[in-house]
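Q: Sequence:
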Amino acid sequence: MSNSMVAKRYASALLQIAKEQQLLGVIEEELRVVKEVIQYTPELRAVLKSSRLTIEKKKEVVKQAFATVNPYVLNTLLLLIDRHRTNEIVEVANQFIELANEEMGIAEAKVYSTRALTDEEREALSAVFAAKVGKSSLKIENIVDSDLLGGLKLRIGNRIYDGSLRGKLERLERKLLG
1 MSNSMVAKRY ASALLQIAKE QQLLGVIEEE LRVVKEVIQY TPELRAVLKS SRLTIEKKKE
61 VVKQAFATVN PYVLNTLLLL IDRHRTNEIV EVANQFIELA NEEMGIAEAK VYSTRALTDE
121 EREALSAVFA AKVGKSSLKI ENIVDSDLLG GLKLRIGNRI YDGSLRGKLE RLERKLLG
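The UniProt record's numbering puts the first residue of the sequence shown at 1, with every later residue one more than the last.
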């Protein structure tokens with residue numbers, strides 16, 4: 001069985017619990033934090049991968065590192081350690097986030113702009129583009145891109161909406177030359 005299938009099964013099980021307990025948003029946010037901590041803490045990754053440490057010692061480290069997270073999230077992490085699937089933690093988090101977003105009707109979007117977007121601009125973009133992709137709202141990650149001359153570039157899944165000045169100029173150039 002492929003690793004992504006395994007991760008999807010754990011994520012689906014956690015999703016069912018989250019829905020039953022009405023904790024979907026809470027668990028999703030906590031898994032984002034867990035994912036980020038594991039990705040950006042090489043020491044923790046080394047502990048989890050170590051063959052010298054016992055499972056109990058790894059579980060103790062995880063309990064200390066994530067003492068404040070929801071018990072369902074912590075139990076999932078401990079179960080992954082028990083089953084020697086620590087390399088799947090980040091993928092389980094990714095799969096859960098994807099499933100939770102689908103359940104809540106949310107799409108993730110990356111917005112490239114010349115400056116940080118205001119809350120009103122984020123809401124306006126969410127309202128307009130969520131309808132285009134058939135979702136109720138967008139979770140926007142704003143990336144300030146100094147290479148843009150002006151305008152915005154939006155990526156939702158595998159769709160790109162290019163409203164940047166450079167994009168408009170390139171389309172105009174192709175139209176004039178073609």
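For the record, the hints were derived by calculation from the structure and aren't laboratory data.
Just so we're clear, the structure is a prediction, and the values are computed from it rather than from any experiment.
Misleading hints may appear alongside valid ones.
Said to hold, decoys possible - Simulated pairs of lysine-lysine, DSS-like, Cα-Cα distance not exceeding 27 Å:
#1 Lys49 - Lys8
#2 Lys110 - Lys35
#3 Lys49 - Lys19
#4 Lys8 - Lys59
#5 Lys63 - Lys110
Said to hold, decoys possible - Computed spacing ranges between beta-carbons, pair by pair:
#6 Glu170 - Arg52: 26 to 32 Å
#7 Arg155 - Lys49: 40 to 46 Å
#8 Gly157 - Thr41: 25 to 31 Å
#9 Ala67 - Asp147: 56 to 62 Å
#10 Asp119 - Arg52: 45 to 51 Å
#11 Lys49 - Leu117: 35 to 41 Å
#12 Arg174 - Lys110: 39 to 45 Å
#13 Arg32 - Arg171: 34 to 40 Å
#14 Lys132 - Ser51: 30 to 36 Å
#15 Thr68 - Val128: 50 to 56 Å
#16 Glu108 - Gly163: 17 to 23 Å
#17 Arg9 - Arg115: 38 to 44 Å
#18 Asp147 - Glu103: 25 to 31 Å
Where a beta carbon is used, it is the ideal one built from N, C-alpha and C, also for glycine.
Q: For every hint, state whether the structure bears it out.
A: Outcome of the hint check:
{"no.": "1", "hint": "Lys49 - Lys8", "in the structure": "holds, 21 Å"}
{"no.": "2", "hint": "Lys110 - Lys35", "in the structure": "holds, 18 Å"}
{"no.": "3", "hint": "Lys49 - Lys19", "in the structure": "violated, 31 Å"}
{"no.": "4", "hint": "Lys8 - Lys59", "in the structure": "holds, 22 Å"}
{"no.": "5", "hint": "Lys63 - Lys110", "in the structure": "violated, 33 Å"}
{"no.": "6", "hint": "Glu170 - Arg52: 26 to 32 Å", "in the structure": "violated, 55 Å"}
{"no.": "7", "hint": "Arg155 - Lys49: 40 to 46 Å", "in the structure": "violated, 32 Å"}
{"no.": "8", "hint": "Gly157 - Thr41: 25 to 31 Å", "in the structure": "holds, 29 Å"}
{"no.": "9", "hint": "Ala67 - Asp147: 56 to 62 Å", "in the structure": "violated, 42 Å"}
{"no.": "10", "hint": "Asp119 - Arg52: 45 to 51 Å", "in the structure": "holds, 48 Å"}
{"no.": "11", "hint": "Lys49 - Leu117: 35 to 41 Å", "in the structure": "holds, 38 Å"}
{"no.": "12", "hint": "Arg174 - Lys110: 39 to 45 Å", "in the structure": "violated, 24 Å"}
{"no.": "13", "hint": "Arg32 - Arg171: 34 to 40 Å", "in the structure": "holds, 36 Å"}
{"no.": "14", "hint": "Lys132 - Ser51: 30 to 36 Å", "in the structure": "violated, 49 Å"}
{"no.": "15", "hint": "Thr68 - Val128: 50 to 56 Å", "in the structure": "violated, 37 Å"}
{"no.": "16", "hint": "Glu108 - Gly163: 17 to 23 Å", "in the structure": "holds, 19 Å"}
{"no.": "17", "hint": "Arg9 - Arg115: 38 to 44 Å", "in the structure": "holds, 42 Å"}
{"no.": "18", "hint": "Asp147 - Glu103: 25 to 31 Å", "in the structure": "violated, 36 Å"}
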